[in-house]
Structures are given as C-alpha cells and as structure tokens.
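K.L.:
The lines below spell out each chain.
Number of protein chains: 2
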Amino acid sequence: MTFTAPDTLDHAALEEGTAFAPRFDAAGLITVVTTEADTNAVLMVAHMNAEALSLTLETGIAHYWSRSRGKLWKKGETSGELQQVVELRTDCDQDVLLLTVEQTGRGAACHTGRKTCFYRRAVVADGSVTLEDTGLPRLLDPASVY
Amino acid sequence: MTFTAPDTLDHAALEEGTAFAPRFDAAGLITVVTTEADTNAVLMVAHMNAEALSLTLETGIAHYWSRSRGKLWKKGETSGELQQVVELRTDCDQDVLLLTVEQTGRGAACHTGRKTCFYRRAVVADGSVTLEDTGLPRLLDPASVY
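Top to bottom, those sequences are chains A and B. At position 103 of the first sequence (counting the first as 1) the number is 102 in numbering that gives the first Met the number 0, and the numbers step up by one without a gap. At position 143 of the second sequence (counting the first as 1) the number is 142 in numbering that gives the first Met the number 0, and the numbers step up by one without a gap.
Calculated directly from the structure, the hints in this document are not laboratory data. Each residue gets a CB set at the ideal place from its N, CA and C atoms; glycine is no exception. Be aware that one or more of the hints could be misleading.
Using C-beta positions, here's what the derived DEER-type ranges look like [as the list claims (entries may be wrong)]:
# : chain 1 : residue 1 : chain 2 : residue 2 : range
1 : B       : 141       : A       : 76        : 38 to 48 Å
2 : A       : 123       : B       : 12        : 14 to 24 Å
3 : A       : 10        : B       : 77        : 27 to 37 Å
4 : A       : 10        : B       : 105       : 16 to 26 Å
5 : B       : 77        : A       : 123       : 21 to 31 Å
6 : A       : 123       : B       : 125       : 47 to 57 Å
7 : A       : 65        : B       : 105       : 33 to 43 Å
8 : A       : 38        : B       : 11        : 27 to 37 Å
Partial chain B-side listing against chain A, Cβ under 8 Å, derived [unchecked claim]:
#  : residue
9  : 36
10 : 38
11 : 123
Let the hints inform the model, and build the full structure from the sequences given.
P.N.:
Quick look at the structure:
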C-alpha cells in the first residue's frame, strides 16, 4: 500500500483534502494514539513506519514500529493482546494518527498488564508534583507473558 | 516547578513509582495527547517543554510549545479557546502525557474550527487508501480568529 508524499500537497490539500499523506518524521515514523472503541479511553501511544501502517490497514490488526527493539511490532504477538482495528483517523496536518481498536485478549494494552499505559495521575501539592496510582488492576501477570 | 530527572530512576521507579520524571526528548519536548473530559474524545496532540508543563500545572490552563512557531503557546490566547485542566496523567515509561481538559470558548480545539483535529478517517478500497471527512462542523471561522 502506498501513501501520498506530503510535499506534493499544498496546505489546503493536506488539511482538507482526501489524499492520505502521513507525515513520517526524519526517522520514518509517525506518532499513533490508540483508543478503545467502546470507551474512547486512550490505551497507549506508539509509532508506525510505512510498513506498520500498511500492515495495519491491510490486515485490520494493529502493527507498530518498536523504537526500543528497532523492529516491526505486531502488538500482542507475544502476549496475545492483539488489537482489532475499528477506525484510523489522521489529524489536520497529518503528522499524527488516531487508531481506534477493540483490545482483545485479557484487555491489557500496557506491558505492565494494565488496560492502559496511563495509570498514574500527577498531583500538585505545596508547589511540587508527584504521581498517584489510579488503581487500575493488572489483567495479566507480565512476568508470565513477556 | 521542578521535575525528577529520569536518569536518576531505575526501571521500576520510572514505571511504578511516585516520582514524576517526564522524559523530554533531545529537543526538550514531550508529546501530549489532549482529551475532552466529558466524552474522552481525543482533541489534539501537541508538545510541551518543561516551562509549558510547569505553567499548565500551576495555572490549570493548558500551555504547549509550538514547534512551528518555536515559542511557548498558551492554547486559546488568540482564539479564546482556552483549555481548563481536569487531569494530567503520564504513561508507563513517562515519555507521553495525557491531558484531560474542558475545552472552553466555542469548543474548537482545532485551528480549522472543528472540535478535534481528527476529523478525517482513512478508507481502504481496492488496495488504496484515501481520507473521508467525518462531517464535524466548524464551530468558528478560522479566517476571523487567527
């Protein structure tokens, strides 16, 4: 699957047009926000290269590029927590993707075993800031999965 | 407001601890996903530097770093579309922030006048992909605001 080269589009076409021209960065990656279809909850933020994006669109299963491992990452291939694609959107200037999925398996998008990676909130007190656990349960035991 | 330096934390402290150690990138920026409190809708994705993050936490009004303009960006200062902070979360490895807000003004987080920047979806047909407008109305006229 091929995508339109962003530099072939003018500003109006990039922001209002029908050409899909993902603006991969210098490393060939684009930021992806993944949300859960039923709740709109943000599950994770990751990256895709062109191959991962193509595979995601072609197979209906989320594929990313793992920056830490430097390789294509079929989410859930090890853990069983595959993500089925419901919808893919892009933003106004096409440098971010919004992927809506149904999280399969035990429902743990995060490698810590929680539903979402965003399980801690910032709390400000006396001019300093700390994190507080929001209490999300672990849906799987990472030690037994990874 | 000061933040913990990520390199002073071990892996467990970074992922499970109470120290807030945002992992700003080489340019001093961290990716921020901004969602609407009532609906969980993803409104936009932007970046903060340490100053923008401090101001956001101290004032309760979202501040970002504009990469295109190379300056601090109090969201809505020009348009009136300020964002009131409801909650700020970080992810497992603290390199992304999730900001939940009440979008004030006319409710247009996107500079195109729409509620969200994610107003187009990808549609695959015959092996190629195009964008389709999801029909979000313009809540303000960009030409009269910016």
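K.L.:
Now, for every hint given, state plainly whether the structure supports it.
P.N.:
Here is how each hint holds up against the structure:
About 43 Å separates the C-beta atoms of residue 141(B) and residue 76(A), a value consistent with the hinted range of 38 to 48 Å. For residue 123(A) paired with residue 12(B), a C-beta distance near 20 Å keeps the hint of 14 to 24 Å intact. Distance hint check for residue 10(A) and residue 77(B): the Cβ-Cβ separation is about 19 Å, which falls outside the suggested range of 27 to 37 Å. At roughly 23 Å, the beta carbons of residue 10(A) and residue 105(B) sit within the given window of 16 to 26 Å.
About 27 Å separates the C-beta atoms of residue 77(B) and residue 123(A), a value consistent with the hinted range of 21 to 31 Å. The hinted window of 47 to 57 Å between residue 123(A) and residue 125(B) holds, with their beta carbons roughly 53 Å apart. Roughly 40 Å separates the CB atoms of residue 65(A) and residue 105(B), a value that falls within the hinted 33 to 43 Å. At roughly 29 Å, the beta carbons of residue 38(A) and residue 11(B) sit within the given window of 27 to 37 Å.
A least Cβ separation of about 11 Å between residue 36(B) and chain A goes past the 8 Å threshold, and the interface hint is therefore violated. This hint holds: residue 38(B) has a C-beta 7 Å from the nearest C-beta of chain A, less than the 8 Å allowed. Given hint, residue 123(B) at the interface with chain A, holds; its Cβ is 5 Å from that chain's nearest Cβ, closer than 8 Å.
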